Amino acid sequence: MGENFSPELLRTYYKTVFPAELMCRWLGYGTSTAASAQQRLLRRREFSFTTGDDVYIRYLSYNDAKAFRKDLVDKLPYKIDIGAAFSAPPSEKKKFTVFQPVQRELIFDIDLTDYDFLQVDASKVETCDACWPIMAVAVKTMDRMLRHDFGFEHLLWVYSGRRGIHCWVCDERARNLTNEGRSAIADYMSLTLKDGRMAVRVPLHPTLASIHREVLLPFFERTVLSNEGMGLLESEAGWGVVLGMLGDDALAASLSDEYARRASGAERWEALKRALERNKLSRLALELEFTLSYPRLDVNVSKGMNHLLKSPWCAHPKTGRVCVVFDPQTVDDFQPGLVPTLGEVMSQIDEYDDQQAALGADAVEAARATDVLHKTSLRAPAELFAKFVRGLEAAARSTAHAEAARGAQAVQW
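Letter 178 of the sequence shown, counting from 1, is numbered 211 in the working numbering, and no numbers are missing.
Think of the hints as simulated: they come from the structure by calculation, not from any bench.
Bear in mind that the values here come from a model prediction, so they are computed numbers and not experimental data.
Every residue, glycine too, gets a C-beta built ideally from N, C-alpha and C.
Some hints could be false.
[What the hints assert, rightly or not] Taking lysine-lysine pairs in the DSSO-like style, the calculated list, with each CA pair at most 27 angstroms apart, reads:
no., residue 1, residue 2
1, Lys108, Lys306
2, Lys112, Lys306
3, Lys112, Lys126
4, Lys336, Lys313
5, Lys173, Lys128
6, Lys313, Lys112
7, Lys128, Lys48
8, Lys48, Lys408
9, Lys126, Lys306
10, Lys48, Lys103
11, Lys112, Lys99
12, Lys99, Lys420
13, Lys108, Lys127
14, Lys420, Lys343
15, Lys127, Lys99
16, Lys108, Lys48
17, Lys227, Lys306
18, Lys128, Lys103
[Claimed, not checked] Derived DEER-like restraints, expressed as beta-carbon distance ranges:
no., residue 1, residue 2, range
19, Asp107, Asp366, 34 to 40 angstroms
20, Asn312, Asp366, 20 to 26 angstroms
21, Ala285, Ile90, 49 to 55 angstroms
22, Asn312, Thr432, 23 to 29 angstroms
23, Arg255, Ala283, 48 to 54 angstroms
24, Asp365, Asp228, 30 to 36 angstroms
25, Pro40, Leu314, 53 to 59 angstroms
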């Protein structure tokens, strides 16, 4: 993995490529120029670093992007985690008798290792894109629920660099949720596992009904069942996994011979559904479809303000891939295998500079003025992130103007 990730590559990445300024604008939420230092959110935000020799450093905080980048280069963390904004700067917490989290994005973490029932080799996901549809259906499901059911607008979706995805809900209303509010949302979005299946009520909630019809069922038929996808029921082992989810040994035993009688996974699924209908257990087929396609949320990540989550734009030490943001609207087109490693990023920069050098002195001068990220395949996700940050800053200005108008109106009265 030396060509994809190394301390030398990491130091150069932090020094010249990592978007520290954009990161600090994001976590500052438009407060970087506030008159009062206490109003500036960035300085009260906790960062934690995990170094290459597994030293874990918590309660780091920074006043600006320059200080943040300097510490990245000096400490060279292999992993960066982001926590809450506290009542005081985390690096100065010993000076204060009251030190508590006051604001934190609503966060979600989904990892492919929680989908072992689909017989996916999670250890190899970094070398192929075959498993991305599992993550894509999770993104489409969660994005719809968070926007439509809760009215959130500012959702940052991030690829973890290996086998997972993270979602940061950055609306001010989400950041100010209590732990109880976070728990309520996480519980609403997760489905309870009972007897090995996800329990659903019939008739389905309108949101779940539309998600099942438009997102889950197409994924189930085209990816889970299809031989061109995962082909879960194409193997006897997969058939056994599904029968085990029925929670009825006698029923499972009566269906065990169906595997040999049917030529394809789709035919086996239809045979299973007919058997369930005969036994007045049609709901079990619906529950199996949810179990095999609905997102598996780690709700403990979402429920507490104190939980830290890996930062966007760090690099995964196992793969070297950068944790890039992606657009949920085009999630089906995202290919983890095309996300560059640190080694590839540095090669792209060298290649760009060499091409400009061949064009002459003016081109070289222009290359020096070019944002380093724009010399690489990180350009598109960086532009997406910048657009997201501008949207947050615009929302903060709008809120400030509205509050000022209300204050002026109150004075008039």
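Checked hints:
Taking the CA atoms of Lys108 and Lys306, the gap is near 57 angstroms; set against the 27 angstroms cutoff, the hint is violated. Between the alpha carbons of Lys112 and Lys306 the distance comes to roughly 46 angstroms, so the proposed pair goes past 27 angstroms and is violated. Restraint check for Lys112 and Lys126: the C-alpha separation of about 22 angstroms stays at or below 27 angstroms, so the hint holds. A C-alpha spacing of about 38 angstroms is found between Lys336 and Lys313, which places the hinted pair above 27 angstroms, so the restraint is violated.
Proximity of Lys173 to Lys128 is assessed by CA-CA distance (about 45 angstroms); at most 27 angstroms being required, the pair is judged violated. Proximity of Lys313 to Lys112 is assessed by CA-CA distance (about 51 angstroms); at most 27 angstroms being required, the pair is judged violated. With a CA separation close to 31 angstroms, the supplied pair Lys128 and Lys48 exceeds the 27 angstroms bound. Annotation: proposed proximity of Lys48 to Lys408 holds, straight-line Cα distance about 15 angstroms (limit 27 angstroms).
With a C-alpha separation of about 59 angstroms, the suggested pairing of Lys126 with Lys306 is violated against the 27 angstroms cut-off. Taking the CA atoms of Lys48 and Lys103, the gap is about 8 angstroms. The hint holds against a cut of 27 angstroms. Proposed proximity of Lys112 and Lys99 is supported: the alpha carbons are some 19 angstroms apart, at most 27 angstroms. Of the pairs offered as hints, the one joining Lys99 and Lys420 holds, with about 22 angstroms between alpha carbons and a cut-off of 27 angstroms not exceeded.
Our distance criterion of 27 angstroms between C-alpha atoms is met by Lys108 and Lys127, whose separation comes to about 22 angstroms. Taken as a hint, the Lys420 and Lys343 pair is honoured in the structure, with Cα atoms around 21 angstroms apart against an allowance of 27 angstroms. With a C-alpha separation of about 24 angstroms, the suggested pair Lys127 and Lys99 falls inside the 27 angstroms cut-off, and the hint holds. For a cut-off of 27 angstroms, the pair hint linking Lys108 to Lys48 stands: about 12 angstroms separates their Cα positions.
Restraint check for Lys227 and Lys306: satisfied, since their Cα atoms lie roughly 19 angstroms apart, inside the 27 angstroms limit. At roughly 24 angstroms between alpha-carbon atoms, Lys128 and Lys103 fall within 27 angstroms of each other, so this suggested pair holds. For the pair Asp107 and Asp366, the supplied restraint of 34 to 40 angstroms holds, since their beta-carbon distance comes to about 38 angstroms. Judged by the Cβ atoms, the range 20 to 26 angstroms given for Asn312 and Asp366 is violated: they are separated by roughly 42 angstroms.
Ala285 and Ile90 have their C-beta atoms about 51 angstroms apart, which keeps the hinted 49 to 55 angstroms range intact. In this structure the hint that Asn312 and Thr432 lie 23 to 29 angstroms apart at CB is violated, the actual value being about 56 angstroms. The given range of 48 to 54 angstroms is broken by Arg255 and Ala283, whose C-beta atoms sit roughly 32 angstroms from each other. Between Asp365 and Asp228, the C-beta spacing of about 32 angstroms keeps the proposed range 30 to 36 angstroms intact.
Between Pro40 and Leu314 the beta carbons are some 57 angstroms apart, a value that agrees with the proposed interval 53 to 59 angstroms.
This entry does not satisfy hints 1, 2, 4, 5, 6, 7, 9, 20, 22 and 23, going by the numbered hints stated previously.
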